[in-house]
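Asks: The primary structure of each chain is shown beneath.
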Amino acid sequence: MAAFIEILITLAALLALCLFVHVKTGLASGAAPLAALCGTMIWYSVLGSVHLLLLAGFLWFAAALAAAVWLWRHRKMLRWREILSPAFVFFVLASLAVLVLFAARRPVFNEWDEFSFWGIAAKVVKTENQLYTFHPGEMRATTFVPGLIMLDYAFQFLGGAFAPWKVYAAYDILYFAIFAAAFSMLRRRQWYLAVPAAAVLTLTPFLMTVYQRDIYVCNVYLNAYADIPMGLLFGAGLVLYFAPRKKTPAVVCSALLAITATCIAKDMGFALCLIAAAIVCFDLLFLEKEDVPFFCLKGLWGKLCWCASLVTAPVAAFLGWAAHMAVVLDMNRFDVGGAENMGMVQMVATGLCELVGIGRTEKFTQIMQSMWQALYSTRVTMFSLGGPQTRLGRLLNGSGMIVILVILSILLAAFLLGDRRMKLRVAWASLWSTLGFAAFYIFTGFTYVYVFKDGFGYQLGDYNRYIYPYYIGWFILAVSMLCASLKNTAPGGWGALFLLVLCGGCIWRANAFLQPQLTVLDYPESVYLERREQEAAAAAAKKHLTEDDRIFLVSLAPFGLEWFQYYYEFYPDVFVDYSFGCGPDFTPETVRMPEALPKFFTEEQVAYFSTQPFTGEVWCEYLRASGCTAVFMDEWTGSFVNDYGYLFSDGLKSGAQLYRIVDTGTQMRFVPAGEEAVS
Amino acid sequence: MKRMWKLLGTVRENSKRLIVLCYAVFAAGTLVLILLGIAEDGVRRLTGDVRTIEIPGESTDAFSLHDLEQEGRQYTALSTDPRMELEYSRISPGSSFLYVRRVTLYLEEKNMNPGEVCVFYKTLPDMEEYDAMYRVWAHQDAENVYSFTLPGCKMYGIRIDPGIFAGLRFRLERVVLNEPRSLPDRLMPTRPYLLALAVVPLLAACVLHWIFCAQKRPAKGRRGKTAGQMNRRSTEKKEKGRAT
Numbered sequence: 001m002a003a004f005i006e007i008l009i010t011l012a013a014l015l016a017l018c019l020f021v022h023v024k025t026g027l028a029s030g031a032a033p034l035a036a037l038c039g040t041m042i043w044y045s046v047l048g049s050v051h052l053l054l055l056a057g058f059l060w061f062a063a064a065l066a067a068a069v070w071l072w073r074h075r076k077m078l079r080w081r082e083i084l085s086p087a088f089v090f091f092v093l094a095s096l097a098v099l100v101l102f103a104a105r106r107p108v109f110n111e112w113d114e115f116s117f118w119g120i121a122a123k124v125v126k127t128e129n130q131l132y133t134f135h136p137g138e139m140r141a142t143t144f145v146p147g148l149i150m151l152d153y154a155f156q157f158l159g160g161a162f163a164p165w166k167v168y169a170a171y172d173i174l175y176f177a178i179f180a181a182a183f184s185m186l187r188r189r190q191w192y193l194a195v196p197a198a199a200v201l202t203l204t205p206f207l208m209t210v211y212q213r214d215i216y217v218c219n220v221y222l223n224a225y226a227d228i229p230m231g232l233l234f235g236a237g238l239v240l241y242f243a244p245r246k247k248t249p250a251v252v253c254s255a256l257l258a259i260t261a262t263c264i265a266k267d268m269g270f271a272l273c274l275i276a277a278a279i280v281c282f283d284l285l286f287l288e289k290e291d292v293p294f295f296c297l298k299g300l301w302g303k304l305c306w307c308a309s310l311v312t313a314p315v316a317a318f319l320g321w322a323a324h325m326a327v328v329l330d331m332n333r334f335d336v337g338g339a340e341n342m343g344m345v346q347m348v349a350t351g352l353c354e355l356v357g358i359g360r361t362e363k364f365t366q367i368m369q370s371m372w373q374a375l376y377s378t379r380v381t382m383f384s385l386g387g388p389q390t391r392l393g394r395l396l397n398g399s400g401m402i403v404i405l406v407i408l409s410i411l412l413a414a415f416l417l418g419d420r421r422m423k424l425r426v427a428w429a430s431l432w433s434t435l436g437f438a439a440f441y442i443f444t445g446f447t448y449v450y451v452f453k454d455g456f457g458y459q460l461g462d463y464n465r466y467i468y469p470y471y472i473g474w475f476i477l478a479v480s481m482l483c484a485s486l487k488n489t490a491p492g493g494w495g496a497l498f499l500l501v502l503c504g505g506c507i508w509r510a511n512a513f514l515q516p517q518l519t520v521l522d523y524p525e526s527v528y529l530e531r532r533e534q535e536a537a538a539a540a541a542k543k544h545l546t547e548d549d550r551i552f553l554v555s556l557a558p559f560g561l562e563w564f565q566y567y568y569e570f571y572p573d574v575f576v577d578y579s580f581g582c583g584p585d586f587t588p589e590t591v592r593m594p595e596a597l598p599k600f601f602t603e604e605q606v607a608y609f610s611t612q613p614f615t616g617e618v619w620c621e622y623l624r625a626s627g628c629t630a631v632f633m634d635e636w637t638g639s640f641v642n643d644y645g646y647l648f649s650d651g652l653k654s655g656a657q658l659y660r661i662v663d664t665g666t667q668m669r670f671v672p673a674g675e676e677a678v679s
Numbered sequence: 001m002k003r004m005w006k007l008l009g010t011v012r013e014n015s016k017r018l019i020v021l022c023y024a025v026f027a028a029g030t031l032v033l034i035l036l037g038i039a040e041d042g043v044r045r046l047t048g049d050v051r052t053i054e055i056p057g058e059s060t061d062a063f064s065l066h067d068l069e070q071e072g073r074q075y076t077a078l079s080t081d082p083r084m085e086l087e088y089s090r091i092s093p094g095s096s097f098l099y100v101r102r103v104t105l106y107l108e109e110k111n112m113n114p115g116e117v118c119v120f121y122k123t124l125p126d127m128e129e130y131d132a133m134y135r136v137w138a139h140q141d142a143e144n145v146y147s148f149t150l151p152g153c154k155m156y157g158i159r160i161d162p163g164i165f166a167g168l169r170f171r172l173e174r175v176v177l178n179e180p181r182s183l184p185d186r187l188m189p190t191r192p193y194l195l196a197l198a199v200v201p202l203l204a205a206c207v208l209h210w211i212f213c214a215q216k217r218p219a220k221g222r223r224g225k226t227a228g229q230m231n232r233r234s235t236e237k238k239e240k241g242r243a244t
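Listed in order, the protein sequences are those of chains A and B.
Following our numbering, the numbering of the first sequence begins with 1 at its first residue and continues without gaps.
Following our numbering, the numbering of the second sequence begins with 1 at its first residue and continues without gaps.
For the record, the hints were derived by calculation from the structure and aren't laboratory data.
Virtual Cβ for every residue (Gly too), placed ideally from N, Cα, C.
Treat the hints with care, as some may be off.
To be verified - The list that follows gives simulated cross-link-like pairs (lysine-lysine, BS3-like), each with its CA atoms no further than 30 Å apart: (1) A:Lys542 - A:Lys653; (2) B:Lys16 - B:Lys216; (3) A:Lys289 - A:Lys246; (4) A:Lys423 - B:Lys216; (5) A:Lys543 - B:Lys110; (6) B:Lys16 - B:Lys6; (7) A:Lys423 - A:Lys246; (8) A:Lys24 - A:Lys453; (9) A:Lys599 - A:Lys543; (10) A:Lys653 - B:Lys16; (11) A:Lys76 - B:Lys16; (12) A:Lys542 - B:Lys216; (13) A:Lys298 - A:Lys423; (14) A:Lys363 - A:Lys289; (15) A:Lys653 - A:Lys453.
Claimed, not checked - Pairwise CB distance ranges (calculated): (16) B:Leu197 - A:Ile9: 23 to 31 Å; (17) B:Arg217 - A:Glu290: 28 to 36 Å; (18) A:Pro613 - B:Glu58: 49 to 57 Å.
Start from the sequences, fold in the hints, and give me the full structure.
Replies: Shown next, in the form of structure tokens:
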């Protein structure tokens, strides 16, 4: 209950900021939450990078309080009819609904990368009240940009304990803010457009990421990965600019915030935010007839300054993080590493040369051919009909090409329904967004050629996850432009019918692919069963441990995910040794890799432990050298008992999970926790 | 009555009333459906189509077991995919189908949480295999009581998957098919219903609004007047009215 109240207060603070922004700048009330959230991401990221995260939180809440006081004192200025627009009402109700749902069900992290970065980083930041780069502990990934983690922190700031469901809530509130901004131009009397638009937009993350009727829980709206938020933020910059008809400085400034937020959502966001910035700049320079002053600069100079800002802000964010990495982590952000070990500029230059035929390699040709083929043959979305084997299914296969056709159809409708100015705007944005997609697609191809390892590159591994962010943002833009065109049409026209049909179509596809019991709405509790058991096991073990303890984790399950899960569970109360990353490779014949050894080991220790077969004696020496005080047993096999069972006082027969290391100097034994005194 | 019809007539002009009407119709429709469901269930029970069947846990012939070891009411899973398939020939001799609306398990786990307890079903006589698309998950009614609500059609096969762990031990007290449901239980809204309650009436109101507006529009000139033009016209009318 306390956690629910904390996050409710945070939401109230956010709403105070939104209303203040709306009243002071004239930004549509439906767009204000997105501007405030993007500003929040940037604010916390900037101050977090210079080690002032706690101050950032206090100042953010102080600003919200000041905004609330100001609003109360000027309450007569508030025009509630304007504030309570369909978009704003949607944002508030959807956010409250998701808070109530998550507070009641308390979902926890369940996916690999949530334990390797997106979840554990949020926990580290909340615990340490500083950016994860400053005190990463045993986190294996620390170079990712901080925008989304900072958004999580903003919603975790109040309250003492970290709650994973608050991370999901923060993400979903950002999603709803983006959807609200996309139809923020609609007023209350246009509710009949706002409702289907909201339904289509809310379904977008499902429509663009689910491509088969799955038998497992679909984790859309229930996941901390950055791909969907990045795609939505890419669309956010565009809808903040294109939704309102009049381009005021506040509108362009809010678009600038969203574009910068895209850059710090995920590394690939840099490419997307530059495309968004280019689309906005071209509209501002070539189509916007009215003046958009940049402080005291007006006319073309004002617009040029805005364009410069739109490009400079994300570039500054990119370079800022590069500088932070260089100073704090001693790493070069421009070095993308990977298969070819290239710098970023070199990768783009080489890719472009090969694209035009200069020095084209066989690998480049093969991967680019696969990319082209995947565009029209790989199922990535719900926009498919029939089974993959049927003729209809092969034609309408939910591939990228079908998505592009759907998006261009929506843009065509927006073009036909809009007035003269809107027609120009839609046509211009369609042109640049299509070219932007081509550029993004080719760039993604380059990453397969130069960054990923050969097997992954040739197979186009995780193809849909790398591509759908663009489709998501592009689709949001198309729906927003359709709403903008429809705003000035009469009710009962073809436009409104088109939107209703689009909405019906999206609901139909979502209904065909999703079961409520396999979505965020009504997932079975059993989906978290194993995670709840891990939570309980870690909680039971913690009763016997203190923060001075260091535990060695044994889990012979494949892939080694359990190490990340238990590191997350024990953090920050007990330190978990890397334990060679767990995994099934735990035999007396195994020779350990030097990278898996603790960083504080001397060269001699590294040389010794990376050449010795990992016998029971060597394991004991390792435990002694690394300072481990306990062994936590998660999963083991019969052969493990044969090889190492003699080290355990109970021969691993008592079912205990936590063993204390009892070391006499000459002999080491592992005794079930709580029985060491007897021993 | 006349007044009610007059009020209903105004929904064409008044969006708020249209929305309220849609919500009212949806809520009333839900209530009617629930009552019809109760009535249909009652009639089917009277005619004997729907029967409450209680299968004791120690029964050895009601289910064919796969990867499960049974000793009286004690069961042990021998793999990660234990199954209990209902033997129709034993439960309903001479019939290839049963009306099963609800399956209730009285099951006490002994060593671990059973995990993904679910029920698979076959809705067609020619379904050879159980399909993952045709399954429901448990709703925990009370401690050790799991209920599964199935679609109300004829069932040509029922399979209970009692857990996802090898070595899982549980005590099955009984399985009840078509356990009667209380009225509060039937009236308790589910999360999908709450979402539908929030969204469906609004979307229905949008469709009706479009129909009403399309009827009002002139046959020619499809673009008609824009919202801005209409507003200007109404403002002018109001001003004129005030002036006179």
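Asks: Against this structure, judge whether each hint is valid.
Replies: To see whether the hints hold, each was checked on the structure:
| no. | hint | in the structure |
| --- | --- | --- |
| 1 | A:Lys542 - A:Lys653 | 21 Å, holds |
| 2 | B:Lys16 - B:Lys216 | 18 Å, holds |
| 3 | A:Lys289 - A:Lys246 | 10 Å, holds |
| 4 | A:Lys423 - B:Lys216 | 27 Å, holds |
| 5 | A:Lys543 - B:Lys110 | 24 Å, holds |
| 6 | B:Lys16 - B:Lys6 | 16 Å, holds |
| 7 | A:Lys423 - A:Lys246 | 15 Å, holds |
| 8 | A:Lys24 - A:Lys453 | 51 Å, violated |
| 9 | A:Lys599 - A:Lys543 | 28 Å, holds |
| 10 | A:Lys653 - B:Lys16 | 70 Å, violated |
| 11 | A:Lys76 - B:Lys16 | 26 Å, holds |
| 12 | A:Lys542 - B:Lys216 | 71 Å, violated |
| 13 | A:Lys298 - A:Lys423 | 26 Å, holds |
| 14 | A:Lys363 - A:Lys289 | 48 Å, violated |
| 15 | A:Lys653 - A:Lys453 | 43 Å, violated |
| 16 | B:Leu197 - A:Ile9: 23 to 31 Å | 28 Å, holds |
| 17 | B:Arg217 - A:Glu290: 28 to 36 Å | 32 Å, holds |
| 18 | A:Pro613 - B:Glu58: 49 to 57 Å | 53 Å, holds |
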